[in-house]
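Engineer: Chains R and Y are the protein sequences, given in the same order.
The opening residue of the first sequence carries number 1 in UniProt numbering; numbering runs sequentially from there.
The opening residue of the second sequence carries number 1 in UniProt numbering; numbering runs sequentially from there.
Do not rely on the hints blindly, as some may be mistaken.
It does not matter which identical chain is meant; a pair holds if it fits inside one copy or across any two.
No more than 25 Å apart at the CA atoms, straight line, and that leaves these computed lysine to aspartate or glutamate pairs for DMTMM-like [unchecked claim]:
1) K66 x E191
2) K219 x D179
3) K219 x D56
4) K194 x D49
5) K66 x D188
6) K219 x E132
7) K66 x E221
8) K66 x E50
9) K219 x E180
For the record, the hints were derived by calculation from the structure and aren't laboratory data.
There are 2 protein chains.
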Amino acid sequence: MCDSSVISLKTQPTMKAIPAASIHRLDKPHPCDVCFQSRFCLPIALPQDELSRMRDIMQSTIRLGKGERLFEAGQAMDKVFSVHAGSFKSVVGSPDGRQQIVGFHVPGEMMGLEGFSARLYMTDVLALEDSEACEIDVRVLESTARDIPTLQHQIHCLIGNRLARAQQDQFVLGSMQADERLARFLLDLSERYKARGLSPDEFVLRMSREEIGSYLGLKLETVSRLMSRFHQAGLVHVAQRQVRITNRDGLAELLVPQER
Amino acid sequence: MCDSSVISLKTQPTMKAIPAASIHRLDKPHPCDVCFQSRFCLPIALPQDELSRMRDIMQSTIRLGKGERLFEAGQAMDKVFSVHAGSFKSVVGSPDGRQQIVGFHVPGEMMGLEGFSARLYMTDVLALEDSEACEIDVRVLESTARDIPTLQHQIHCLIGNRLARAQQDQFVLGSMQADERLARFLLDLSERYKARGLSPDEFVLRMSREEIGSYLGLKLETVSRLMSRFHQAGLVHVAQRQVRITNRDGLAELLVPQER
DNA sequence: CGAACCCTTGACAACTGTCAATCACCGTGG
DNA sequence: CCACGGTGATTGACAGTTGTCAAGGGTTCG
C-alpha cells in the first residue's frame, strides 16, 4: 500500500557491467563520543547523554573506488549511507535504458533515503571518485529513534530535506533556461562546499560535462558552451574541471532574469 | 543544521491575493475504528489494538473552496494533511515570481511532508476544486509514532514515497520529450484514480492546460497541441477536461521511444 | 445572454539538440 | 623522455522541438 503512488520502478539495470562493489570495510572505529559525528560527517547528532549510542547506529565505513556502486535500484533497502569522503551521484533509470542523475552528494549528505518508500532503493548510487560512505542500519536507526525523540526528529528532517531539494530541482528543470540552470548549479555546489568548510570560490568539479548535463536536463555540448560563455563573461574562471567563481553576483543575476 | 543543504527557500509570495483561507472546520468525527482509515482516506493504518489512537492523530477535517489555500511556503509547519476529497496542487515559487507546480494530490495522498525539512512548508498548496483535507498534528503524530513502530514505519514510508515520486518527476522533466511527458502524466493519473477505486479509463481533469504544463515543464499551447495530437492518433478521447483513454498500449509505447 | 476564462490552432522565432571535427589532458608504454 | 591512444572538452553548422505571439472559438456561470 505504501508504494502505490509511485510508478515505473526500475527493477534491473543489468546493461553495463558496472564494477562490482569491491567494498573494503574499515575497522569500526570507537568513537571518542564528542567528535564522533563531525569526524564521520554524519548529519546525525545525539544529545549528550545518549552519545554512546552513536556507535550502535553507525555500523562501519565503506570505501569505494571511482565508478564503483554503493547500491542499485531494486535492491532491498536495509541501510542508508552518509558521505564520509569523496562524492557520489544518484541515478534514476527507466526501462528503456535512459538514465538521469537526480543528485550529487558531498560529505555530510545522506544517500538511500528514497528507499524508505518501499524498502527498496530506487536509484543507483555510484562514487564519482575514490570515496568513503558511512553505513547505517535502518532497523537499528529506527529502534534507536524510538528512544530518542531528537533522533526521530532528525530522521524526518533528513528525508524532508532531500524531498525539498528534489522539489527545488523540479523547479529548476521545469522553469529555468539552460544558463540559469547551470548558474544555479554552480552556486549550489559552491554553497555546499562552503557548508563543508571548503572554499566556496574555487573548487574542482568531480563530475563530467555529461553528468552535469544529465542532472540539469541538458546535453553535454550545451553545458560546455555555457561554461565557455560564463568564462568569457568574466563570471567564472573555468579550466576543464577547475572552477573559480570570479563574479558571484553576476552569476546570481542570471537567476532573476525578469528585471532588466 | 538540518536545512543546510537546501537553497533559496521562498519566503513570501504576497503577489496575488489568493483567497484567504476561509476554512470551515467539520466536527471531529468519532471513528468507528475499523473503517476509520478508509473513510477518511488516511494513508495511515494502525494495528488492531491501537486503533483507538487514530482519533488522537487525526485532528479534524478542513473544507476548502476551489482556489483556496491550505498552507503557504514559509509558514511554520505544525501539521501535515491528507486529501480526503477533491484535489490539490503543490506550487514552488522563486523570488522572481515564477512558479511551478511540483505535484497534484488526489484522495489518500499526503501534503506538507516537505515541511519536515526545516519545520517550514516549502510549497503553497491550493485546492483545485472544492475539497476536504484531514489535518494531522505533527507533534502528536511523532509522539504516537514513538509508541507504535508500525506508525513510525509508515511515516518514513510516506515521506520516502513523496521523495521517490519527486525523483521520478525529475527524470520526466530532464529526460523526456513533451509527448512522452504528457503520455506519462495521463497514465500516472489513470493509475492513481484506479488505486482510488475510480475508473482508470475515463476521468475529468481537475486542472487547466496551463497547470498541466506547469507541472510538466511545458507551455499550455504545447499541452493543448499534444492533447489534440493524441486525440487524432486515437490514443485518447479528449473533450476539454473530459478524458477517456482509448488506447492505453499506444500511450505506453510513447514512453519507450528507442525501439522502432 | 454576456463576460470571463479556457482551449485550440497557426505562423514564426528561439533555444537547445544533433552531428561532426578538433583540441586538450592523462596515463601507458616504448 | 617522448610518442601514442583514449577519454573528455570545445566549437561550429545545422536541424528540430518547443516557446511566443496572435486570433478565434468554446464553455461556464452569473
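Engineer: Evaluate each hint against the coordinates.
Structural biologist: So, going through the hints one by one against the coordinates:
1. In this assembly of identical chains, the alpha carbons of K66 and E191 lie at most 25 Å apart only when taken from the same copy (24 Å versus 39 Å across copies).
2. In the homo-oligomer, the alpha carbons of K219 and D179 lie at most 25 Å apart both inside one protomer (12 Å) and across protomers (19 Å), since each shortest distance falls under that limit.
3. Taking the shortest Cα distances, K219 and D56 never come within 25 Å of each other, neither inside one copy (44 Å) nor across copies (51 Å).
4. Taking the shortest Cα distances, K194 and D49 never come within 25 Å of each other, neither inside one copy (30 Å) nor across copies (50 Å).
5. Proximity of K66 to D188 under the C-alpha cut-off of 25 Å is restricted to the intra-copy arrangement: shortest distance 23 Å within a copy versus 36 Å between copies.
6. Taking CA atoms no more than 25 Å apart as the test, K219 paired with E132 passes in neither setting, with 29 Å inside one copy and 43 Å between copies.
7. In this homomeric assembly, K66 and E221 come within 25 Å of each other (Cα to Cα) only inside a single copy, at 24 Å, whereas the closest approach across copies is 45 Å.
8. Taking CA atoms no more than 25 Å apart as the test, K66 paired with E50 passes in neither setting, with 36 Å inside one copy and 49 Å between copies.
9. Both within a single protomer and between protomers do K219 and E180 lie at most 25 Å apart by alpha-carbon distance, with minima of 15 Å and 18 Å respectively.
Of the numbered hints listed earlier, those contradicted by the structure are 3, 4, 6, 8.
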